[in-house]
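Trainee: Produce the complete structure using the sequences and hints provided.
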Amino acid sequence: MSGTRMGRVGATILLLFVVAAVFAPILAPHDPALRTTQPFAAPSFAHPLGANDVGQDILSELIFASRLSLTVGFVTACLATILGAAVGIVGGYLRGPVDTVLMRGVDVILSLPFLPLMIVLAAFLGQNTTNLILVIGLLIWARPARLIRSQVLSVRESGHVQAARAMGATHGYVMVRHVLPRVTPLVAAQFVRTANVSIMLEASLAFLGLSDPFQKSWGAILFYANARSAFLTDAWLWWVLPPGLCIAAVVVSFAFLGYALEERVDPRLRSTLPTSEPSSGSGTPMPVREDALR
Amino acid sequence: MPRPSGAAWRRIGGRVAQYALVLLVAVSLNFAIPRLAPGTPIDYLVPSEQVATITPEQRERVLAQFGLEKPLLEQYRLYLTGILRGDLGVSAQQGRPVVDMLLERLPWTLVLVGGAITLATVVGGGAGFLSAARRGGRTEAWGLALFMFLDSMPPFWIGMLLLVFFSGYLDLLPVFGALPTSGAAGGFGLTLEFAQRLVLPLVTLTMVRAGWLFLVARSSLAGELSEDYILMAEAKGLSRRQVVLGHGVRNALLPLVTAVAVEVGTVVGGATVVETVFSYPGLGRLIYESVLSRDYLVLQGAFLLLAVGVILANLLADLLYPILDPRVRAESLR
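Just so you know, the sequences run in chain order A and B. Using our numbering, the first residue of the first sequence is number 6, and each one after it goes up by one. Using our numbering, the first residue of the second sequence is number 88, and each one after it goes up by one.
Treat the hints as calculated values from the structure; they're not laboratory data. Certain hints may be false.
Stated by the list, open to error - One side of the interface only, derived from the structure: several residues of chain B facing chain A at Cβ under 8 Å:
(1) A113
(2) S115
(3) V290
(4) Y375
(5) I398
Just so we're clear, the structure is a prediction, and the values are computed from it rather than from any experiment. From the three backbone atoms N, C-alpha and C, an ideal C-beta is built for every residue, glycine too.
Mentor: Given below as structure tokens:
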């Protein structure tokens, strides 16, 4: 598949989930919070994907859960991209001690094992979606920051930036008016990636029992399915398979979108950098050679 | 490898200082989180079912036992010295030292994570290099999409599906734990039992991580193959094989090593959820159990131990670079 085609496929899948999330109350056959049938009910006409261990309709759970995943993905990505872009632009543009301090911080964050740290944070802070978003967002901004910084390093040497400086523009003005527009495509690509990573992290935390108990989430559906050993019975077909497919579909749609964006932004990325660096489950930095040589 | 020069030692010293900083941050986070979290420290130190019924005297005693009535700086000093002595506190649920609980689980996780990293590097890296060497074909593009999809699947979900097929339907492999619960066969038999139980978690974790290493290896080699020296090598009449293996792959290895080192943290995270699915008695399973029983000190201890593991892996990669790449050696001589 070419990059553009991947992008189209990704956008289509994502759009389907957005529609499902927005129109969840209309699309879902039942209220997923209510007990509408027997526990562990097998699929029937009224309940196409059967019921979970308390008798809630699984299809309705899935549809409502898309709201949480997309919200977490979108909000954490906003948070992480804004923070990452700010740190990356300021560090890369100003250089010197500010840059050193910021990049030390980035390195430290990137060296911590993310999921265990998030588990500790989520366990202490309590299980609600706002905390979850903050926890994920505050840890995954570091990789976008490093990547954006490395691009800013070359942008700051370009003619129009030098000219603006020579004409007496302030640092703040140059960063906002000249540097930011040049790195916007990279920022957009990083936004997609971060959304992708955070959706996977949210699913993992929910699977470990750290999601908001009052909000449906795909990871949490799998948490209950696992706790009840649903994979040892036929129930895996309607209880285990669909939530995982939903997670994989959303994550891959973001990965495809990110790939297409990057290819469009900078064709060189195709040959010199990992062209598509999809969800790695945590914010691992992109292995660029300069890192190793530093 | 030539004898490390003074500059090389300085470079390594710099990295060690960096990792020491990471460690200090991890320890400080561990110290700060319970003190910043909502509620009182008591909530986190006694078994959750006793929090509501605890008497003021007991409360005082717990506070004194953990030195929580002392000033914050003194608490921090005590905490640091405690960790240096290998004291991570006592589990609220089991009443055992956290260090003992962690060390008991560590070997299982080491086997799983070590095995998965090795396999994923060989399989993912190999496939990635192969894909880059035969670039531009239709299969190559679909292979990329396939590996991206593989990389997008939640690890715990892959694990559950593998369980369904290999243990549920085919009844090929035992599902639970790492060792049989009864009838210890001893020696070889036990090893075989362990190996059988290791297969599925290992395959799961490898599948999850191979996708990412594939992408890194592919783009790294593709980048090298478009360089001028490759054209030069071809012009000299070297065979395609010599060009790709002797020149391309050799240079493309370094980013792969970086990726593998960086990957350790992610694999450890993946191991947490995969071990949970398979009831594999490693650190990840311990984390899951501690989340369920709200055994906070164990969670913190596990995080710290995993942080140390990731740091050591990164340090190892740093020491490997100069061996793999003469440019790094040259850099440190400059």
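Trainee: Give a verdict on every hint.
Mentor: Hint check:
no.: 1; hint: A113; verdict: holds, 6 Å
no.: 2; hint: S115; verdict: violated, 11 Å
no.: 3; hint: V290; verdict: violated, 16 Å
no.: 4; hint: Y375; verdict: holds, 6 Å
no.: 5; hint: I398; verdict: holds, 6 Å
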